[in-house]
Amino acid sequence: MRDRPEQEGAAPTAVLAAAEPGGSAAQVEVLARLGNGDRAAFAEIVDAWSPVMLRVALLYVSTQATAEEVVQETWLAVIRSLGRFEGRSSLKTWVFRILENRSRTRGRQEARTVPWSSAFPSDDGETGAEPTVDPRRFRGTDDAYPCHWTPDGMPVAWQPPPEDAVMAAEVRRQLRAALDELPVRQRTVVELRDVHGLTSEEVCERLGISPANQRILLHRGRARLRAGLDEVYRGRSREGSTGG
Amino acid sequence: MVEQPDRVEPDVDGAWFEVACQEFVELVTDYLEGALPPPVERAVATHLALCDPCVRYLDQIRRTTAALGTLPAPTLAPAVRAELLDVFDRLHPRPGDGRAGSP
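Protein chains in written order, with the working numbering: chain A, 1 to 244; chain B, 1 to 103.
Certain hints may be false.
[Stated by the list, open to error] Derived, one-sided and incomplete: chain A residues facing chain B with beta-carbon distance under 8 Å:
1. 31
2. 43
3. 71
4. 147
5. 158
6. 187
7. 190
8. 215
9. 219
[As the list claims (entries may be wrong)] Quick list of simulated restraints, FRET-style, between CB atoms:
10. B:50 / A:212: 25 to 31 Å
11. B:49 / A:69: 51 to 57 Å
12. A:24 / B:70: 29 to 35 Å
13. A:64 / B:48: 39 to 45 Å
14. B:45 / A:84: 23 to 29 Å
15. B:18 / A:64: 47 to 53 Å
FYI, nobody ran anything at the bench for these hints, they're computed from the structure.
Note that the Cβ used here is the ideal one computed from N, Cα and C, for glycine as well.
Just chain A, with the same shape it has in the complex (with noise of 0.2 Å):
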């Protein structure tokens, strides 16, 4: 639960200003504004950019405890050094940098000392050989329509919708529990692109993985999610159809 947002009437621009090129004109703005003082600016960055950070922390600390202690203390250095930022990148860029850094310090004293994208070579079907649907939902190659669905097989309208607000809650639950199950490397690319919204640049960099790869990972986290979205739903109209 948050406390009282600090809008103070401003617009949310700051977020967005943030994440613009060094040398920018919003970037000098934004700048110009936090070294002014504007708390509601700032509180807007605060809130905006905590929840990644707190996930990217993760990467490499084993606590959240100590996630938000490392992050704490990002914005610690970032308030003191804001002065010296000499904008050459992305103020988004460099606050993560030094998050990075930290996170990084802080893994070592744990010794957690092995890098990410390392850490788990590759968890099971990362090649992408392995389908993400079941091969069974598709005729065979001597059909008459070879690897097409089969009427059993093809995708059921998911009804009401999973933003409807009577799904919201179940679908939440089951995207977090299929999550949860998903291989480290999977879940984590979906949480940062999806849950997060960091663009497929910003992964890569975070991660240290290639474009191809952080596509084949997300493909397959993503496919196996929707998969368990459409079981909660094919189990409600088998409900609907024998309660009758």
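Here the structure of chain A is known, so what remains is to put chain B in place on it, guided by the hints.
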């Protein structure tokens, strides 16, 4: 290679790529990411123009992604956030704010 991305011909004779449903489901992420080579992207678009179940699959991937964006994510404790804002106020006083002395 025939360049007719907008014309739908179900019975192509191999003049360009053809995508089956089972192939589409493995291309869906690269399609959403804009990472497919143009001929394959055209073949996927052609397939989607003809195949309602695959349109539904694509839609379900999008809805899954959107729903992930609604998951609550842990953030800083309110007390920690309040402390950070106080430190910010102290080190970056508003011009003319009497709380901080001039350097």
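To see whether the hints hold, each was checked on the structure:
| no. | hint | verdict |
| --- | --- | --- |
| 1 | 31 | violated, 11 Å |
| 2 | 43 | holds, 6 Å |
| 3 | 71 | holds, 7 Å |
| 4 | 147 | holds, 4 Å |
| 5 | 158 | holds, 6 Å |
| 6 | 187 | violated, 11 Å |
| 7 | 190 | holds, 7 Å |
| 8 | 215 | holds, 6 Å |
| 9 | 219 | holds, 4 Å |
| 10 | B:50 / A:212: 25 to 31 Å | holds, 28 Å |
| 11 | B:49 / A:69: 51 to 57 Å | holds, 53 Å |
| 12 | A:24 / B:70: 29 to 35 Å | holds, 31 Å |
| 13 | A:64 / B:48: 39 to 45 Å | holds, 42 Å |
| 14 | B:45 / A:84: 23 to 29 Å | violated, 50 Å |
| 15 | B:18 / A:64: 47 to 53 Å | holds, 49 Å |
Violated hints for the displayed structure, listed by number in ascending order: 1, 6, 14.
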